[in-house]
Every structure is written in C-alpha cells, then in structure tokens.
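Chains as they are written, first to last, in UniProt numbering: chain A, 1 to 218; chain B, 1 to 488.
FYI, nobody ran anything at the bench for these hints, they're computed from the structure.
Please read all numbers here as calculations on a predicted model, not as lab measurements.
Idealized CB from N, CA, C, for every residue including glycine.
It cannot be assumed that every hint is accurate.
Said to hold, decoys possible - In the DSBU-like style, the derived pairs of lysine-lysine whose C-alpha atoms are separated by at most 30 Å in a straight line are:
1) Lys143(B) with Lys143(A)
2) Lys56(B) with Lys10(B)
3) Lys18(B) with Lys106(B)
4) Lys84(A) with Lys41(A)
5) Lys139(B) with Lys10(B)
6) Lys11(B) with Lys125(A)
7) Lys183(A) with Lys112(B)
8) Lys10(B) with Lys167(A)
9) Lys15(B) with Lys41(A)
10) Lys107(A) with Lys112(B)
11) Lys18(B) with Lys40(A)
12) Lys167(A) with Lys112(B)
13) Lys15(B) with Lys139(B)
14) Lys147(A) with Lys36(B)
15) Lys15(B) with Lys143(A)
16) Lys106(A) with Lys41(A)
17) Lys84(A) with Lys36(B)
18) Lys10(B) with Lys40(A)
19) Lys15(B) with Lys40(A)
20) Lys40(A) with Lys112(B)
21) Lys167(A) with Lys139(B)
22) Lys139(B) with Lys151(A)
23) Lys106(B) with Lys151(A)
24) Lys40(A) with Lys143(A)
25) Lys109(B) with Lys36(B)
26) Lys139(B) with Lys125(A)
27) Lys106(B) with Lys167(A)
28) Lys15(B) with Lys167(A)
29) Lys11(B) with Lys167(A)
Said to hold, decoys possible - A short, non-exhaustive set of chain B residues, derived as facing chain A with CB atoms under 10 Å:
30) Lys87
31) Val176
32) Leu463
33) Ser465
Here's the letter readout for the chains.
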Amino acid sequence: MNCRSEVLEVTVEARQVEEAMLALLHTILLHRSTGKFHYKKEGTYSIGTVGTLDIDCDFIDFTFVRVSSEELDRVIRKAVSEFKDALSNSGSDGMGQISLEFYQKKKSRWPFSDECIPWEVWSIKVNVVNLANEQERQICREKVGEKLGEKVINVVEVINRHEYLPKMPTQSEVDNVFDTSLKDVQPYLYKITFQITDSLGTSVSTTMRRLIKDTLAL
Amino acid sequence: MDSGLSPQDKKDLDKFIKFFALKTVQVIVQARLGEKICTRSSSSPTGSDWFNLAIKDIPEVTHEAKRALAGQLPGIGRSMCVEISLKTSEGDSMELETWCLEMNEKCDKDIKVSYTVYNRLSVLLKSLLAITRVTPAYKLSRKQGHDYVILYRIYFGEVQLSGLGEGFQTVRVGVVGTPVGTVTLSCAYRTNLAFMSNRQFERSAPIMGIIVDHFVDPPYSSHRPANMGQPCNYRPPDEEDGGAFVGVQDSQEVCTTSFSTSPPSQMMHGGKEGGVVLVPAHPVHGADAHLTFEYEYLNLYEFNLPVSPSSGDDDSLSHSGDGRRDEGRRSASPSDPVEALNAFTRKIGAFVNKPSTQITAASLDLPFAAFAPRGLDSEENDPMVQPPDSPPCPSPLQASLHSQGSEGSGPQDDFVMVDFRPAFSKDDLLPMDLGTFYREFQNPPQLASLSLHISSQSMADDLDSLPEKLAVYEKNIDEFDAFVDMLQ
Numbered sequence: 001m002n003c004r005s006e007v008l009e010v011t012v013e014a015r016q017v018e019e020a021m022l023a024l025l026h027t028i029l030l031h032r033s034t035g036k037f038h039y040k041k042e043g044t045y046s047i048g049t050v051g052t053l054d055i056d057c058d059f060i061d062f063t064f065v066r067v068s069s070e071e072l073d074r075v076i077r078k079a080v081s082e083f084k085d086a087l088s089n090s091g092s093d094g095m096g097q098i099s100l101e102f103y104q105k106k107k108s109r110w111p112f113s114d115e116c117i118p119w120e121v122w123s124i125k126v127n128v129v130n131l132a133n134e135q136e137r138q139i140c141r142e143k144v145g146e147k148l149g150e151k152v153i154n155v156v157e158v159i160n161r162h163e164y165l166p167k168m169p170t171q172s173e174v175d176n177v178f179d180t181s182l183k184d185v186q187p188y189l190y191k192i193t194f195q196i197t198d199s200l201g202t203s204v205s206t207t208m209r210r211l212i213k214d215t216l217a218l
Numbered sequence: 001m002d003s004g005l006s007p008q009d010k011k012d013l014d015k016f017i018k019f020f021a022l023k024t025v026q027v028i029v030q031a032r033l034g035e036k037i038c039t040r041s042s043s044s045p046t047g048s049d050w051f052n053l054a055i056k057d058i059p060e061v062t063h064e065a066k067r068a069l070a071g072q073l074p075g076i077g078r079s080m081c082v083e084i085s086l087k088t089s090e091g092d093s094m095e096l097e098t099w100c101l102e103m104n105e106k107c108d109k110d111i112k113v114s115y116t117v118y119n120r121l122s123v124l125l126k127s128l129l130a131i132t133r134v135t136p137a138y139k140l141s142r143k144q145g146h147d148y149v150i151l152y153r154i155y156f157g158e159v160q161l162s163g164l165g166e167g168f169q170t171v172r173v174g175v176v177g178t179p180v181g182t183v184t185l186s187c188a189y190r191t192n193l194a195f196m197s198n199r200q201f202e203r204s205a206p207i208m209g210i211i212v213d214h215f216v217d218p219p220y221s222s223h224r225p226a227n228m229g230q231p232c233n234y235r236p237p238d239e240e241d242g243g244a245f246v247g248v249q250d251s252q253e254v255c256t257t258s259f260s261t262s263p264p265s266q267m268m269h270g271g272k273e274g275g276v277v278l279v280p281a282h283p284v285h286g287a288d289a290h291l292t293f294e295y296e297y298l299n300l301y302e303f304n305l306p307v308s309p310s311s312g313d314d315d316s317l318s319h320s321g322d323g324r325r326d327e328g329r330r331s332a333s334p335s336d337p338v339e340a341l342n343a344f345t346r347k348i349g350a351f352v353n354k355p356s357t358q359i360t361a362a363s364l365d366l367p368f369a370a371f372a373p374r375g376l377d378s379e380e381n382d383p384m385v386q387p388p389d390s391p392p393c394p395s396p397l398q399a400s401l402h403s404q405g406s407e408g409s410g411p412q413d414d415f416v417m418v419d420f421r422p423a424f425s426k427d428d429l430l431p432m433d434l435g436t437f438y439r440e441f442q443n444p445p446q447l448a449s450l451s452l453h454i455s456s457q458s459m460a461d462d463l464d465s466l467p468e469k470l471a472v473y474e475k476n477i478d479e480f481d482a483f484v485d486m487l488q
C-alpha cells in the first residue's frame with residue numbers, strides 16, 4: 001500500500017510557531033480521531049462521542065477547532081514545544097519541518113518486532129522570519145491567519161478524498177490501528193517527528209525522533 | 001435509483017441524510033453565534049450523538065431547519081441552503097455566505113451505508129466544523145453585537161448566490177458518495193465587503209448614535225415573537241421556557257451507535273434504533289411562533305450597553321463595512337481642531353448622548369487613537385447625532401472642551417488632536433504636549449550672541465583695530481596702575 005504524503009508550508013514569526021503548528025496538527029487529528037470503541041459480544045462495537053473545542057490564537061488572527069481531549073492536547077503541545085525549542089536553539093536560519101505520521105502496526109512473528117507501516121504522512125514545513133516593527137507584526141498576524149485558513153482548506157480537501165483508511169479492526173486488532181491510550185478519544189496510531197534544516201539548506205543536520213507511541217517494543 | 005439497496009439500508013440512508021442535514025445547520029448556525037463552541041467528549045455513547053460528534057441542538061434552529069425541509073430530504077435538484085447575512089443597526093443587510101448541501105446523481109453503489117457512509121458523513125461534519133472557522137464571516141460573527149448582528153436563513157430548493165456580490169469565492173467542504181447520489185457540502189462566500197453603496201455612508205457615526213431600541217420593532221412583522229433573538233450566550237431550553245421542551249432529544253430520533261466488525265450480512269444494529277416515532281416539534285412559545293419570518297435573529301443584546309471597549313468598536317466598524325467607513329472618512333476634515341476632536345470622539349465613543357466623561361473614557365481606551373479618522377462635517381447636521389436641545393454648544397463634549405481648553409489641564413486636554421501623540425504624555429504648566437516640545441526642541445531659535453547682525457565686524461577688522469587700541473592703553477597706563485593698586 002502506498003503511503004499518502006502531504007506537505008504544507010507556512011512562514012511565520014518566531015512567536016507564532018507554536019500556535020500555527022497546534023492549529024494544523026489539531027485540525028488533522030480532529031479528522032483522524034474517533035470516539036472510544038466499546039466492543040460488545042457478537043462482534044459489534046459502539047463508538048463514543050467526540051467533543052470539539054474552539055481555540056483562539058493569541059499571536060495569529062485565527063481560530064481552530066480541536067478535539068475536546070486534554071490528554072491529547074497535552075501530548076501535541078509537548079511535541080510542538082520541543083519542535084519550537086529545537087528551532088530556536090538550532091542557530092539555523094529558522095527552517096524546520098514537523099511531521100505527523102499515521103501508521104498501522106503489523107504483527108510479525110518472533111524474533112522480528114512489529115512493523116509500523118505508515119499510511120498517511122503530513123509534513124509541515126516551517127520558515128521562521130524576524131520582523132522589524134509592530135506594524136509588520138500586525139500585518140503578519142492577519143496574513144498568517146489567512147494562510148492557516150488556506151492550509152485548513154487543503155487539509156480538509158485531502159481528507160475528504162476518502163482515500164485509504166485502515167479498515168475497522170476487531171477487538172484484538174484495535175491497538176494495531178488506533179491509539180487506545182487516551183480515555184476520551186481514540187485517534188489513529190500516530191507519531192510526531194521533526195527535523196531542523198541547517199543554514200546550508202541540507203535536509204538533515206540534526207534529526208530528533210520523538211516517539212509518542214511506543215512502537216518498537218520487543 | 002434504489003436498485004440494489006435493501007429496504008433497511010434505504011431507510012438508514014434516508015435517516016442519515018436527514019440528520020446530517022440537521023446537524024449541518026446546527027454547526028453552521030452555532031459557528032455564527034459569535035462565541036466559542038465547546039462540547040465534551042464522552043467515551044460512553046449516548047443515543048443522541050449523531051455521527052459520534054457532540055453537537056448541541058438548538059431547538060429553534062432544528063425547528064427552522066425542519067420547517068424549511070418540510071418533510072423532504074436534500075436530493076438531486078433539491079438543495080438545502082443556509083444563508084448567513086449581516087444586518088447593521090441601521091437596517092442595512094448584506095449576504096455574507098451561503099452553505100449548500102446538495103446531492104448529485106453520481107452514485108456509489110458498492111458503498112456500505114450504515115458503516116462507510118455514516119463514518120464519512122461524520123468526517124464531513126468535522127470538516128464543516130473546521131471550515132466554518134475559516135471563512136471571513138466567522139471573524140465578523142465573533143465581533144457582532146453593537147453595530148450589527150448575524151442572521152441565518154434556511155431554504156430548500158434552488159441555490160441562490162446572486163446576493164453574494166461579484167467575485168464570491170467557493171470552498172468545497174467535502175463529498176460523500178452514497179448509493180443514491182453524492183452528497184456535496186460547499187460554501188460560497190462574499191469577498192467584496194464594501195457595503196451597499198446606494199446608502200449615504202458619510203454618516204458612518206450613526207451606527208453609534210442610532211436609537212438603541214431598533215430591534216424592538218422588527219422589520220418584518222408587527223410583533224416580535226418571544227423566541228426571536230437568541231442571547232449571546234445560548235441558554236438551554238429548560239431555563240428559557242420552564243420545561244416547554246423536553247430537552248435536546250425532544251424531536252430527535254436515536255441514532256445508530258452500534259457497528260459490527262463482522263461482514264455486512266450479519267450487521268446488527270443496537271436495539272435502540274429504528275421505529276422511534278418523531279415527536280412532533282411544537283413551537284417554542286406557543287402561539288408566538290415565528291414562522292412568518294424569513295430571518296431569525298441570532299443575537300439580540302441588551303442595548304443599554306455600557307461604553308464598549310473601544311478596540312471592539314474599532315474592529316467591528318472596520319469589519320462591518322470598510323467601504324462605508326472609508327467613505328465616511330473621505331469627507332473634508334474640519335479646520336477647527338476642536339471640531340475635529342469632537343467629531344472624532346463622537347465616532348469612537350459609544351453613544352453621543354452619554355455624559356462627556358463616559359465618552360472621554362472610551363476615547364482614552366482607544367489604542368492608536370491618533371490614527372483614527374478625523375471628524376465629519378455632516379455629523380453636525382445629523383439630528384441623530386446632535387440632540388437638538390442644546391443650542392449654545394452642539395454637544396456636551398464640545399462644551400466641556402471649550403471650558404477646559406483654556407485651563408490647559410485636565411484629562412480632556414489629552415484629546416488635542418495632533419498627528420503625533422506619544423504615550424504617557426502629560427500636560428504640565430505649558431499647554432503643550434511632548435510632540436510639540438520635541439519639535440520645538442529640535443529647532444531651537446538661534447542664540448542672540450551668535451547672530452550676525454550684532455557682531456558685524458569680521459575677525460580681520462578686529463585685528464586691524466588692535467594697534468590703535470594698544471596705543472590708547474599705553475597712554476593711559478598710569479590710570480590702569482592706579483586702579484590695580486586700588487584693588488589690592
């Protein structure tokens with residue numbers, strides 16, 4: 001199966017990085033999360049309810065919708081915060097990329113570990129700029145808000161093509177498809193990684209891999 | 001075409017499409033209420049959460065949607081449209097966007113109805129949640145209240161986009177294929193926000209100065225129905241009408257929440273679904289049903305408004321009609337700075353009939369007040385803005401300005417309109433502000449001793465006259481010696 005790959009690019013000011021990343025990652029996860037599955041006997045299951053929450057950005061004229069789950073929000077914020085710190089500490093010219101990858105686990109026989117097969121990867125390329133004065137920052141607020149709106153429309157367009165999605169698993173297989181660790185919602189298995197581009201423009205000078213979900217346990 | 005679709009699937013599909021339409025309307029209208037929406041996730045499914053999404057049902061909106069649908073479903077050639085428009089306190093209105101739920105003929109016969117279609121409709125609703133925050137009307141709706149309100153209208157049938165002006169944009173939210181056709185959800189939104197130009201918009205300040213009881217007499221009817229005008233914070237029905245409604249699930253069928261992981265032929269539905277009789281929806285407040293109205297007011301604020309935070313006013317003005325405001329500003333600036341100030345503060349302050357202290361407080365709160373527009377001549381003649389019963393001074397504000405301007409102190413002196421108004425500038429003894437001081441400081445008058453007409457002699461002349469002076473001093477040397485002795 002081919003992995004679907006989508007790239008989004010944004011140009012933001014340093015203080016807008018966090019909110020821009022949260023907006024896009026949460027928009028994607030909103031579409032890629034369901035309610036908790038409750039399996040019953042006779043092979044049926046029911047699905048819990050996903051609530052939503054409007055979040056206003058402080059540094060961008062933008063409001064996005066995220067899943068109403070504090071646990072999920074914490075996880076995403078932590079990853080974005082690490083990305084933001086890496087971006088500002090890298091000393092590069094402020095270019096980096098954060099990737100949200102949805103994958104399925106495929107059990108392998110011993111002694112091989114489970115395979116993680118990505119089926120959708122979203123890469124968000126970030127270009128950080130410095131602005132000279134307040135007027136430029138004000139314009140940037142609005143412009144970045146509009147750009148994020150366009151990116152949300154792009155995300156929605158891709159998702160609504162209804163291309164490959166893992167089929168709904170049986171109870172024994174659910175952990176191979178969904179992240180069942182949260183108590184209120186159930187996103188597809190995902191991991192977030194990022195990399196910072198150095199000033200020479202080479203693709204990777206430092207690569208940091210942060211595994212949100214333990215996938216390589218033997 | 002229904003061939004190949006089992007009766008149960010057909011029934012399910014109709015139900016899904018019907019409730020999808022109702023939920024679509026709820027999402028759109030709630031996104032334009034002007035406040036942030038927050039619903040909770042629940043790991044245990046309840047029977048009323050269609051598409052596994054927590055979307056509240058505002059009863060009036062459901063009622064309005066059902067009335068528009070009139071028992072039909074969106075189908076080919078029969079689209080359900082939600083039109084969002086803006087209405088100013090003056091009575092002008094403008095369509096902002098139209099959301100269309102359409103069905104076309106492209107069928108997907110192989111798709112599983114109560115599984116794939118249901119899930120895809122759920123994803124489409126999530127997309128709708130995201131997209132409703134992205135179109136320009138969202139920001140407008142968040143700032144509604146003082147100058148304008150956002151209205152919605154639901155209609156069924158042909159899509160009408162002519163009211164959106166030229167150059168409207170379309171964004172497609174998504175599509176879901178079903179065995180009977182493809183459901184498409186899209187939004188056409190206005191990009192040209194210049195307000196209706198056939199009105200005289202030089203009088204832009206009347207937005208502020210309008211009589212606040214405008215909405216008591218609604219434009220479409222002689223009496224105002226009890227449920228017209230949702231408050232800003234939507235109150236659940238049990239608070240409003242003391243139990244006339246049985247709650248959210250009043251007229252809502254229970255949705256399918258059970259799915260099967262086994263092949264379709266063994267698909268079971270939870271025992272809850274199907275066969276639930278629709279409780280006939282009744283009007284919210286008995287005979288005061290608003291069914292004769294095309295428009296329903298979403299927000300009705302108490303119009304005894306405190307002086308609003310001026311930044312909100314500024315923003316709402318700028319959003320509610322950039323064109324209008326610009327037209328207002330194009331009129332000639334009054335030459336009298338006090339008049340300019342008066343007009344300026346009138347525009348930005350809340351209601352001109354308020355006491356001057358309140359208006360000045362509003363003006364003080366303004367960020368970037370110096371960049372606000374100058375006043376308008378025509379305001380002086382506007383009876384709405386100028387109360388006719390104050391002949392000596394056109395306004396209490398102007399009176400106070402005249403009286404205090406001569407003293408050169410007090411908070412109103414901060415309103416002296418100059419181009420550059422630095423923060424925290426304060427008047428001391430001089431009736432001058434920091435900006436004027438800086439300008440004068442940078443261009444000081446020349447020292448008198450350095451001016452040329454006093455020291456007309458050049459250095460050469462000085463040198464030439466030295467020998468003569470020395471000769472005179474030598475002649476009088478005895479006098480100088482005696483003088484020095486005297487000093488010692």
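Going through the hints against the structure:
As the CA atoms of Lys143(B) and Lys143(A) are separated by approximately 19 Å, the hinted pair is consistent with the 30 Å bound. Between Lys56(B) and Lys10(B), the direct Cα distance comes to roughly 26 Å. Compliance with the 30 Å bound is thereby established for this hinted pair. For the given pair, Lys18(B) sits about 19 Å from Lys106(B) by alpha-carbon distance, which is consistent with the 30 Å threshold. Simply put, Lys84(A) and Lys41(A) have alpha-carbon atoms about 46 Å apart, too far for the 30 Å limit, and the pair is violated.
This hinted pair does not check out: Lys139(B) and Lys10(B) have alpha carbons roughly 40 Å apart, beyond 30 Å. Distance hint between Lys11(B) and Lys125(A) is unfulfilled; the C-alpha atoms sit about 46 Å from each other, more than 30 Å. At roughly 29 Å between alpha-carbon atoms, Lys183(A) and Lys112(B) fall within 30 Å of each other, so this suggested pair holds. Restraint check for Lys10(B) and Lys167(A): satisfied, since their Cα atoms lie roughly 23 Å apart, inside the 30 Å limit.
Pair hint Lys15(B) plus Lys41(A) holds up; C-alpha atoms about 26 Å apart against a cutoff of 30 Å. Between Lys107(A) and Lys112(B) the CA atoms are separated by roughly 28 Å; this keeps the pair inside 30 Å, and the hint holds. A C-alpha spacing of about 28 Å is found between Lys18(B) and Lys40(A), which places the hinted pair at or below 30 Å, so the restraint holds. As the CA atoms of Lys167(A) and Lys112(B) are separated by approximately 13 Å, the hinted pair is consistent with the 30 Å bound.
Of the supplied pair hints, the one linking Lys15(B) and Lys139(B) is violated, its CA atoms being roughly 33 Å apart against a limit of 30 Å. With a CA separation close to 21 Å, the supplied pair Lys147(A) and Lys36(B) stays within the 30 Å bound. Restraint check for Lys15(B) and Lys143(A): not satisfied, since their Cα atoms lie roughly 42 Å apart, outside the 30 Å limit. Distance check on the hinted pair: Lys106(A) and Lys41(A) sit about 25 Å apart at the alpha-carbon level, within 30 Å; holds.
For the given pair, Lys84(A) sits about 27 Å from Lys36(B) by alpha-carbon distance, which is consistent with the 30 Å threshold. Distance restraint check for Lys10(B) and Lys40(A): the Cα-Cα separation of roughly 26 Å lies within the 30 Å cut-off, and the hinted pair is therefore satisfied. Between Lys15(B) and Lys40(A), the direct Cα distance comes to roughly 24 Å. Compliance with the 30 Å bound is thereby established for this hinted pair. The suggested pairing of Lys40(A) with Lys112(B) holds, with an alpha-carbon distance near 21 Å, which does not exceed 30 Å.
Using a Cα cut-off of 30 Å, the hinted pair Lys167(A) and Lys139(B) is violated, with the two alpha carbons roughly 38 Å apart. Only pairs whose Cα atoms come within 30 Å are accepted, and Lys139(B) paired with Lys151(A) is accepted, the gap being roughly 17 Å. Taking the CA atoms of Lys106(B) and Lys151(A), the gap is about 28 Å. The hint holds against a cut of 30 Å. As the CA atoms of Lys40(A) and Lys143(A) are separated by approximately 49 Å, the hinted pair breaks the 30 Å bound.
Simply put, Lys109(B) and Lys36(B) have alpha-carbon atoms about 39 Å apart, too far for the 30 Å limit, and the pair is violated. Taking the CA atoms of Lys139(B) and Lys125(A), the gap is near 27 Å; set against the 30 Å cutoff, the hint holds. For the hint pairing Lys106(B) with Lys167(A), the CA-to-CA distance comes to about 24 Å; that is within 30 Å, so the pair holds. A C-alpha spacing of about 24 Å is found between Lys15(B) and Lys167(A), which places the hinted pair at or below 30 Å, so the restraint holds.
This hinted pair checks out: Lys11(B) and Lys167(A) have alpha carbons roughly 24 Å apart, not beyond 30 Å. Checking Lys87(B) against chain A by beta carbon gives a least distance of about 23 Å; that is not within 10 Å, so the hint is violated. The closest approach between the C-beta of Val176(B) and any C-beta of chain A is roughly 8 Å, which is under the 10 Å cut-off, so the hint is satisfied. The interface hint given for Leu463(B) is broken, as the beta carbon of that residue sits about 56 Å from the closest beta carbon of chain A, more than 10 Å.
Because the beta carbon of Ser465(B) sits about 59 Å from the nearest beta carbon in chain A, more than 10 Å, this interface hint is broken.
In summary, the structure is inconsistent with hints 4, 5, 6, 13, 15, 21, 24, 25, 30, 32, 33 from the numbered list given earlier, while agreeing with the others.
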